[in-house]
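From first to last, the protein sequence lines are chains A and B.
Numbering follows the working numbering, in which position 49 of the first sequence is assigned residue number 49; successive positions increment by one, without gaps.
Numbering follows the working numbering, in which position 606 of the second sequence is assigned residue number 606; successive positions increment by one, without gaps.
Worth double-checking, as some hints may not be accurate.
Unchecked claim - Think about it this way: if two alpha-carbon atoms lie no more than 25 Å apart in a straight line, the pair counts; the simulated BS3-like pairs of lysine-lysine are: (1) B:462 to A:107; (2) A:119 to B:462; (3) A:112 to B:462; (4) A:134 to A:124; (5) A:119 to B:737; (6) A:216 to A:25; (7) B:754 to A:107; (8) B:636 to A:134.
As the list claims (entries may be wrong) - Computed footprint of chain B on chain A, listed as stretches where at least three residues anywhere in the stretch have a Cβ under 8 Å from a Cβ of chain B: (9) 79-87; (10) 101-112.
To be verified - Sample of chain B residues with no beta-carbon within 10 Å of chain A, all distances over it, derived: (11) 35; (12) 110; (13) 163; (14) 199; (15) 308; (16) 448; (17) 486; (18) 652; (19) 806; (20) 828.
What the hints contain is simulated information worked out from the structure, not anything from laboratory work.
Ideal Cβ positions, reconstructed from N, Cα and C, are used throughout, including at glycine.
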Amino acid sequence: MPSQIILNDVSQSFFLNDSKITLFKNLNVSISQGESYAITGPSGAGKSSLLMLMSGLEQAATGQGIYRNNNQQKTLDELRSEIGFIFQQFHLLPELTALNNVALPLKLRGDKDALPKAKIWLEKVGLQQRQHHKPSELSGGEQQRVAIARALVFNPKFIFADEPTGNLDQKSAREVTDILFSCCEENNAGLVIVTHSDKLASKAKHIFTLSDGQFKLASTNNLEVIAC
Amino acid sequence: MLKSTSIRANTALAWHFYRQEYSQSHQRLLRWVQGILLLFIITLSQSSDSIQNYLQMNLNGLLGADVVLSQQQSLTTEQHSEILDIADKVVVTQQVKTTLTHDGKWQQAQIKAVDSRYPLQGELITSSTLDGVGQSNSSGPQSGHIWLDARLLASLSLTIGDYLTIAEQRFAVSRILQHEPDRLMEGHTVAMRAMIHTEDMAALGFAPELIHYRYLIAANSEQTNQLIDWQKEHLPAAVIRHKQGQHPLALFWQRTENFMGLASIILFFMAAIAIEQLTQVHMKKDQFFSAVCMSLGASKAAGLRVSLLKWCISIVFLLPVVVFVSAGCHWLIMHFLSNTFSDLQWHWNFYSVVKPIAAVVAIFAVFHMPVWLAVHKSSVARLFVGDYRGLSHWVSKISSILVLLGVTLIYSDNGLLTLMMVTVIAVTIALMIFLSWSSLTIGEMLTQRVSGLVPFALFMMKQRLVSKSTQIMGIGLCAFLLLFTLMLLKDLGQTMTSYQRQHDGNVFISKATQVQMEFIEDWASEQDISLRQIKPYMYAKLTAVNEQSLARFSQKPSDSMATFSQAIRLHWSQTVPQNNVVASGQWWQSDEQNWQQISIEQEVMTDLGLELGDWLTFYINQQSYDFEIVASHNYKPGAGSITFWVQMPPSALDHIQSPHFSMASMELMDEQWSVLAPLWQKFPTLLMVSLKELTQRFDKLLAMITNVISGFSLMIVLLAAVVILASINSLESNEKKKNSVIMSFGFSRSTCLKLNLIEWFVTASITAVGAILGTYIAGLLIYQSQFSLTYKPDFVWLFLTLLIILSLTTTLGVYASRNSLKSSVRQLLSGT
Chain A
1 MPSQIILNDV SQSFFLNDSK ITLFKNLNVS ISQGESYAIT GPSGAGKSSL LMLMSGLEQA
61 ATGQGIYRNN NQQKTLDELR SEIGFIFQQF HLLPELTALN NVALPLKLRG DKDALPKAKI
121 WLEKVGLQQR QHHKPSELSG GEQQRVAIAR ALVFNPKFIF ADEPTGNLDQ KSAREVTDIL
181 FSCCEENNAG LVIVTHSDKL ASKAKHIFTL SDGQFKLAST NNLEVIAC
Chain B
1 MLKSTSIRAN TALAWHFYRQ EYSQSHQRLL RWVQGILLLF IITLSQSSDS IQNYLQMNLN
61 GLLGADVVLS QQQSLTTEQH SEILDIADKV VVTQQVKTTL THDGKWQQAQ IKAVDSRYPL
121 QGELITSSTL DGVGQSNSSG PQSGHIWLDA RLLASLSLTI GDYLTIAEQR FAVSRILQHE
181 PDRLMEGHTV AMRAMIHTED MAALGFAPEL IHYRYLIAAN SEQTNQLIDW QKEHLPAAVI
241 RHKQGQHPLA LFWQRTENFM GLASIILFFM AAIAIEQLTQ VHMKKDQFFS AVCMSLGASK
301 AAGLRVSLLK WCISIVFLLP VVVFVSAGCH WLIMHFLSNT FSDLQWHWNF YSVVKPIAAV
361 VAIFAVFHMP VWLAVHKSSV ARLFVGDYRG LSHWVSKISS ILVLLGVTLI YSDNGLLTLM
421 MVTVIAVTIA LMIFLSWSSL TIGEMLTQRV SGLVPFALFM MKQRLVSKST QIMGIGLCAF
481 LLLFTLMLLK DLGQTMTSYQ RQHDGNVFIS KATQVQMEFI EDWASEQDIS LRQIKPYMYA
541 KLTAVNEQSL ARFSQKPSDS MATFSQAIRL HWSQTVPQNN VVASGQWWQS DEQNWQQISI
601 EQEVMTDLGL ELGDWLTFYI NQQSYDFEIV ASHNYKPGAG SITFWVQMPP SALDHIQSPH
661 FSMASMELMD EQWSVLAPLW QKFPTLLMVS LKELTQRFDK LLAMITNVIS GFSLMIVLLA
721 AVVILASINS LESNEKKKNS VIMSFGFSRS TCLKLNLIEW FVTASITAVG AILGTYIAGL
781 LIYQSQFSLT YKPDFVWLFL TLLIILSLTT TLGVYASRNS LKSSVRQLLS GT
């Protein structure tokens, strides 16, 4: 049975100038490994906060988050080593080459084959020729492809992507989207994308909207994914 | 109209941003760096100004005459009448250094013999009791009487009315000497003083070569000029002081000021490193602001103006605080120095504060220049991309180096020491860079196949080699400078004390006539006292180099120059003395006929800019002699400490008629100390000093040096802390991002903390090893040459220092980096 992230009746709120602002209330959702999800909605609706709750990096004000793995129920804290992130601003380390950026999570885990594995991933995202280039020498699209390789290189069970194509032109956005979905599919990783782009959201199997504190399933697609 | 409006608007904006950034760490650190340096320079220049001012007042009030001519011999009748032809009134005083004994106690003192015409100008003040009110005297003591200063009276346990015997003559102690109007001529010696009548001096029968003559002359300014010309022509070896000239201590203080100034190069160097690190943050902020302004239609000049005005505002608001604190420090220093310069008053000179402030602010502007150049050279597109490299990077390095060179040139008066200090700093920098590169490269290579956080930390540090090297270099240099300063302080005291005891016995004879020395040799063998060394010398006054007067030849103040303004001890030896080694040229051969050869100590050669083949003119016993420099020598420890700056072949003695003296050292057992008193009784002018007395004098000197160095070390520690904080501040945004990215891979904050700890430990290790190696090189280079000490590193002390540097740097580094650990994945999501 695939691993799952389950949020039961969670609410999130924060205080601004002594007044309480509620982002969402009694939200229920279940994310499965190997599936893709898109969350859309207007700015400030709480999409990124929801992403933080799902990934276990923040605690909900009320409600419960569960990580179900091998039929065992755990807290979301134990999910930490099983997740990868992809950001709108790429956030590659500027002093490292593309290859070393990808190898970074493996080196941190003490993987002795970090560099060969990173090379394989750079090939998968089509950047084998640019492995010794630093981020400042790569285009936005290329940087995001390096970031995708970096997020997936240690085989996480879930990938959380925040506006992964937000900083890219149409062509690059299309390429990055294809690579992201195909790689997650091939790695059997669950993919959760927060986006404003309908085009990107439409690639996901499950599309949710978060607006005015309401979290709704918009549609479910049957996807056709190109191998990465 | 439009222009003034825009300047007003820019000023308002600059003020707004200054206020906004006031408590941000990059501004706070910059203020600390600027504040510490300004404080040091303002305090130094104010103290210096007060002392020079005091010396000038002192010169006018304490010369006791309009002109004072002093020399070893008395003037001939002809010379005396020539002076009287020029001036109206001349009073002569005679000085002799002796050891007075009373009731088994002895004390070195300087006796001055005066006649009834003394004092010429000013007041001679004495009292009849130790705490009595001083009374003005119209003349000195009568024949058969002696006046002693209070310290001498106390140290010999005498009271008014007692009798004191000197060379078998009895003197009645009749008054306590409080003030002599020609006191200035005693210079900065703290010798105890006594005064007798001239007739008694003749009766004491001291050897004429031991008596120093001083002629106090009343003269107007025209007569003064005539006397100066007359002295140049007829008595070139004599020392002349006059109210229009410089105080004898002026040069001494100038040298002290120069030494402190040269030491400030270390502070400037550290400030340059700190500001260079902070510049990165300033550059980013100012460039970004400028970009926003330009994208909103403002001109490039507006961004530059705001940046300049913001910097000016920060300086203007810093100055009152610094000036206030400097005034306090200045007061403390004046209080501290009042032991050396009596009646020295706290005095604040507003004009002399402007000059150093202007100079230091200009230097800060040069250090900050890269920020303005970067703002000036940038375009909107380039600014938004955040490309800060290029010209500004190099400009900052070159401008810093130029400023440091300038500071070195202004303050340097000891060429060799400056060269060595700069060389050691350069070698240490090269060493740190090499150590950083090699240890990180090798470390990373060796741990590539090993798992764990250490290999990862080494990998990350290697990838950030440039920024890490700068950080290591900055902290390492601070550690090196601090270590060297402390080591010097510790070793100077220890080595000198133990060295003196080891090789030279416990009593030194600094001046003995031939008769005295012969007697001492017999006396020593009778008493079974071992004489360690005996070295002959005669007095010689250097007057010219290559027929150019000394004053004209070298105008830079230095230790050597100060010593050469008086007669020096000229030694002769056929072979190279055992405690000397020839540095350049060739020592004379035994069969050599040419006696006009001379060897000079290497450092003196460097200080005065002398070269082999130069001709030196010495006045020896009223006669002029020329010598060619054929060799230079250095001191070699291990064979006695008595060494001479100037040495000639013994064959020269056939041509020079002058009294011979000796320096010697001997070892006395505890029970033999009592036999010294009769020796002094017989030869009161014999200049002898015990190791105990020497150690006491040395301890006093060391206590003063300790205070100065401790104050200086505090400045270094403060700046070192600022350098560490600045280097962390400049890398903080990168560190934050790194930590957030690591957390996004599923790691916790504690992993980041561990990585941080490892990084700082590695940084501190490289820093400590570099600093210790640098200190070792500095020890080898500078100890021998500048302090005549053998450098014997204490490895236990060095190891302990290594541990202290490691723990302090790691702790401060990790503590100061705590902000970069306050990162989260959410920050990456929000794009910061």
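Okay, the hints, checked on the actual structure:
no.	hint	in the structure
1	B:462 to A:107	holds, 14 Å
2	A:119 to B:462	holds, 20 Å
3	A:112 to B:462	holds, 18 Å
4	A:134 to A:124	holds, 18 Å
5	A:119 to B:737	holds, 24 Å
6	A:216 to A:25	holds, 12 Å
7	B:754 to A:107	holds, 15 Å
8	B:636 to A:134	violated, 58 Å
9	79-87	holds (count 7)
10	101-112	holds (count 8)
11	35	holds, 33 Å
12	110	holds, 70 Å
13	163	holds, 87 Å
14	199	holds, 89 Å
15	308	holds, 30 Å
16	448	violated, 8 Å
17	486	holds, 36 Å
18	652	holds, 70 Å
19	806	holds, 25 Å
20	828	violated, 5 Å
Checked against the numbered hints given earlier, the structure breaks hints 8, 16 and 20 and satisfies all the rest.
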